[in-house]
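K.L.:
First to last, the sequence lines map onto chains U and B. FYI, the working numbering numbers position 227 of the first sequence as 227, with every residue one higher than the one before it. FYI, the working numbering numbers position 114 of the second sequence as 114, with every residue one higher than the one before it.
Note that these hints are calculated values from the structure, not bench results. One or more hints might be untrue.
Which chain U residues stay away from chain B? Per the calculated CB distances, all over 12 Å, these [said to hold, decoys possible]:
no., residue
1, D23
2, W42
3, R60
4, A109
5, L225
6, W236
7, Q263
8, R378
Among the chain B residues that face chain U by a calculated CB cut under 8 Å, a handful are [as the list claims (entries may be wrong)]:
no., residue
9, T46
10, G47
11, E48
12, V50
13, D91
14, E96
15, E100
16, G103
17, E104
18, H117
No farther apart than 20 Å at their CA atoms in a straight line, the calculated lysine to any residue pairs in the SDA-like style are these [what the hints assert, rightly or not]:
no., chain 1, residue 1, chain 2, residue 2
19, B, K2, B, S94
20, B, K81, B, K114
21, B, K114, B, G103
22, B, K81, U, T123
23, B, K2, U, A139
24, B, K2, U, N172
25, B, K2, U, R125
26, B, K2, U, R357
27, B, K2, U, Q129
28, B, K2, B, G86
29, B, K81, U, K51
30, U, K51, U, T107
31, B, K81, B, H8
32, B, K81, B, D18
33, B, K2, U, A363
34, B, K2, U, P108
35, B, K2, U, T107
36, B, K2, U, A136
37, B, K114, B, L4
38, B, K2, U, P329
39, B, K2, U, T94
40, B, K2, U, K51
Heads up, the beta-carbon is just placed ideally off N, CA and C, and yes, glycines get one too.
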Amino acid sequence: MDEALLRTLTPTVIGILVRRGADFAAAEDAVQDALVEAVRGWSDDPPRDPKGWLVTVAWRKFLDAVRADASRRHREVRVDAEPVPGPAEAVDDTLQLYFLCAHPSLTPASAVALTLRAVGGLTTRQIAQAYLVPEATMAQRISRAKRTVSGVRFHQPGDVATVLRVLYLVFNEGYSGDVDLAGEAIRLTRQLAARIDHEEVAGLLALMLLHHARRAARTGPDGRLVPLAEQDRSRWDTRLIAEGVDVLQRALARDRLGEFQAQAAVAALHADARTTEETDWVQIVEWYDELVRLTDSPVARLNRAVAVGEADGPRAGLAALAGLDPGLPRYAAVAAYLRERDGDLVAAARLYTEAARSASSLAERDHLTRQAARLNARLRG
Amino acid sequence: MKYLLLKHYRGAPAAVNDVPMDQWTPEEVSAHVGYMQDFAARLEGTGEFVDGQALSPEGTFVRYDGEGRPPVTDGPFAETKDLIAGWMVIDVDSYERAIELAGELSAAPGAGGKPIHEWLEVRPFLTEPPTITE
């Protein structure tokens, strides 16, 4: 049973059912039921035409649901049981599904869940496991999301930016449960990039590939976080880096810069350096300048301060930090790093302790606590 | 984002309607239990419920006592300041939503059928580190 193929076909088959007259919510349910049947039955006897099989079975499930619903309401139902396969079957509505599932009326968590199910072809159980919530909760989240978008016209053009934000969220969740969300986000972004020619889609894909390339080096054997400067760069995936750089260069050549391209450019410069010392920090600062100009985001300014600290020394980095809100996530960690580089170990140790207290992940907290402990041991000795 | 809504037997500031549960009428106890169940069911319906559990007030302290020796047990200690009564884990879109829900949970009815106004502690979970950091 080829689960990858099934999942690729999911949005296409939903699109076909919608074109035949099913509403999105019912089509999505019918396809999900068909997928479950395929997972059960295909291992023994895979069909020669998987897409045709899925369309047939999903359509039958849809008709069953409509009839059951009609008899519950004592109504007659008129749906063509055997629609004539026409040109509609040749059209791929996957792109429309991306837009619908990332519709701005949805909350981020709902858009993510709906995208993973309707576009990604994951089961509710898999999505629930990935986000560590009960299956019943995830099922409700998805059905509410479907109700929220029930009034949206399927073929209404959508906004690429909202889709990219959803895919970015999925990627950033990384690997928490049984499902590799980072890998899934890359698959969905690739699939999107194949259907729409947009420089920021390419930018996000490049960003994902370049970060994914470092995955094996990001955590130590004991699960600890390994910061970029200490990573074993021989463990970076050069194939993914090459692809990411290639995708990015073609996007940048279009001369329509956006935030994902700028972030990917920073990642590409890191990927390009064989050692931390060889990193082109001056160029990285320039890309952060672009990112700040594009987004005016305080997080971009914070990351810029780190880069300035490397390019022009810790004093310059601390100066770049001035004026930023100390309540920003990771502010204390950045300040601690720059203070230590500047030789103020007492302040650095105190800031690392503070940063550990406000860390939002366990791995970061442990890493920052080790930094504080390292400095405190040096100060005692 | 996941949050823990923590309910204390002891250790939280006093509730407004601070009458011990054994002084309520049986109907008031049932109304309270019903409110908690409805609340959990409603959160499951909104796709925000993760877990809810209640704890017995009686517990035991345990510690390692060296190689080959059984663990030492002690307590319960009447002087322990903090005593957890139970929790609910929610998965919501924002801190504001977590606060809103904790406020609703704190309105569970107590003596006289009036809201207890008890203090609940809202604590964010530590998560997995994000993939993209720089």
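K.L.:
Now tell me if each hint is right for this structure.
P.N.:
Verification of the supplied hints:
Under the 12 Å C-beta cut-off, the non-interface status given to D23(U) relative to chain B holds; the minimum distance is some 21 Å. Look at W42(U): its CB is around 30 Å from the nearest CB on chain B, clear of 12 Å, so calling it non-interface holds up. Under the 12 Å C-beta cut-off, the non-interface status given to R60(U) relative to chain B holds; the minimum distance is some 29 Å. With a least CB separation of 6 Å from chain B, A109(U) falls inside the 12 Å interface cut-off, contrary to its annotation.
With 12 Å as the threshold on Cβ separation, the claim that L225(U) sits away from chain B is violated: the shortest Cβ distance comes to roughly 6 Å. With 12 Å as the threshold on Cβ separation, the claim that W236(U) sits away from chain B holds: the shortest Cβ distance comes to roughly 14 Å. For Q263(U), the requirement that its beta carbon stay farther than 12 Å from each beta carbon of chain B is not met, with the minimum near 7 Å. Even its closest Cβ contact with chain B, about 25 Å, leaves R378(U) beyond 12 Å, as expected for a residue assigned away from the interface.
About 7 Å separates the beta-carbon of T46(B) from the nearest beta-carbon of chain U, less than 8 Å, and the hint is met. The closest approach between the C-beta of G47(B) and any C-beta of chain U is roughly 3 Å, which is under the 8 Å cut-off, so the hint is satisfied. Contact between E48(B) and chain U, as hinted, is supported at the beta carbon level, the nearest pair being about 7 Å apart and thus within 8 Å. The interface hint given for V50(B) holds, since its Cβ lies 5 Å from the closest Cβ of chain U, which is under the 8 Å cut-off.
Interface restraint check: D91(B) against chain U, minimum CB-CB distance 5 Å, threshold 8 Å, status holds. With its C-beta approaching chain U no nearer than about 12 Å, E96(B) sits outside the 8 Å limit, and its interface hint is violated. Interface hint status for E100(B): violated, as the beta-carbon distance to the closest one in chain U is roughly 14 Å, over 8 Å. Below 8 Å, beta-carbon pairs count as interface contacts, and G103(B) has none with chain U, the closest being about 19 Å; its hint is therefore violated.
Annotation: E104(B) was flagged as interfacial toward chain U, and the flag is violated, the nearest CB pair being 17 Å apart, outside 8 Å. Interface hint status for H117(B): violated, as the beta-carbon distance to the closest one in chain U is roughly 28 Å, over 8 Å. Distance hint between K2(B) and S94(B) is fulfilled; the C-alpha atoms sit about 9 Å from each other, no more than 20 Å. Straight-line distance between C-alpha atoms of K81(B) and K114(B) comes to about 27 Å, which puts the hinted pair past the 20 Å bound.
Distance hint between K114(B) and G103(B) is fulfilled; the C-alpha atoms sit about 14 Å from each other, no more than 20 Å. Distance restraint check for K81(B) and T123(U): the Cα-Cα separation of roughly 45 Å exceeds the 20 Å cut-off, and the hinted pair is therefore not satisfied. Distance hint between K2(B) and A139(U) is fulfilled; the C-alpha atoms sit about 17 Å from each other, no more than 20 Å. Between K2(B) and N172(U) the alpha-carbon distance is near 16 Å, which keeps this suggested pair within the 20 Å criterion.
A threshold of 20 Å between alpha carbons decides the hint, and for K2(B) with R125(U) the separation of about 18 Å falls inside it, so the pair holds. At most 20 Å may separate the alpha-carbon atoms for a hinted pair to count; K2(B) and R357(U) meet this at roughly 18 Å. For the given pair, K2(B) sits about 14 Å from Q129(U) by alpha-carbon distance, which is consistent with the 20 Å threshold. The suggested pairing of K2(B) with G86(B) holds, with an alpha-carbon distance near 16 Å, which does not exceed 20 Å.
A distance of roughly 63 Å separates the Cα atoms of K81(B) and K51(U); the hinted pair therefore is violated under the 20 Å criterion. Restraint check: the Cα-Cα separation between K51(U) and T107(U) comes to about 32 Å, which exceeds 20 Å; the hinted pair is violated. For the hint pairing K81(B) with H8(B), the CA-to-CA distance comes to about 10 Å; that is within 20 Å, so the pair holds. For the hint linking K81(B) to D18(B), the alpha-carbon distance of about 18 Å falls within 20 Å, and the restraint holds.
With a C-alpha separation of about 17 Å, the suggested pairing of K2(B) with A363(U) holds against the 20 Å cut-off. Only pairs whose Cα atoms come within 20 Å are accepted, and K2(B) paired with P108(U) is accepted, the gap being roughly 14 Å. Between K2(B) and T107(U) the CA atoms are separated by roughly 15 Å; this keeps the pair inside 20 Å, and the hint holds. Among the hinted pairs, K2(B) with A136(U) is consistent with the structure: their alpha-carbon atoms are about 16 Å apart, no more than 20 Å.
The hinted pair formed by K114(B) and L4(B) fails the criterion: a straight-line CA distance of about 25 Å is larger than 20 Å. At most 20 Å may separate the alpha-carbon atoms for a hinted pair to count; K2(B) and P329(U) meet this at roughly 17 Å. A distance of roughly 31 Å separates the Cα atoms of K2(B) and T94(U); the hinted pair therefore is violated under the 20 Å criterion. Annotation: proposed proximity of K2(B) to K51(U) is violated, straight-line Cα distance about 38 Å (limit 20 Å).
The structure does not agree with the numbered hints 4, 5, 7, 14, 15, 16, 17, 18, 20, 22, 29, 30, 37, 39 and 40 stated previously, though it agrees with the rest.
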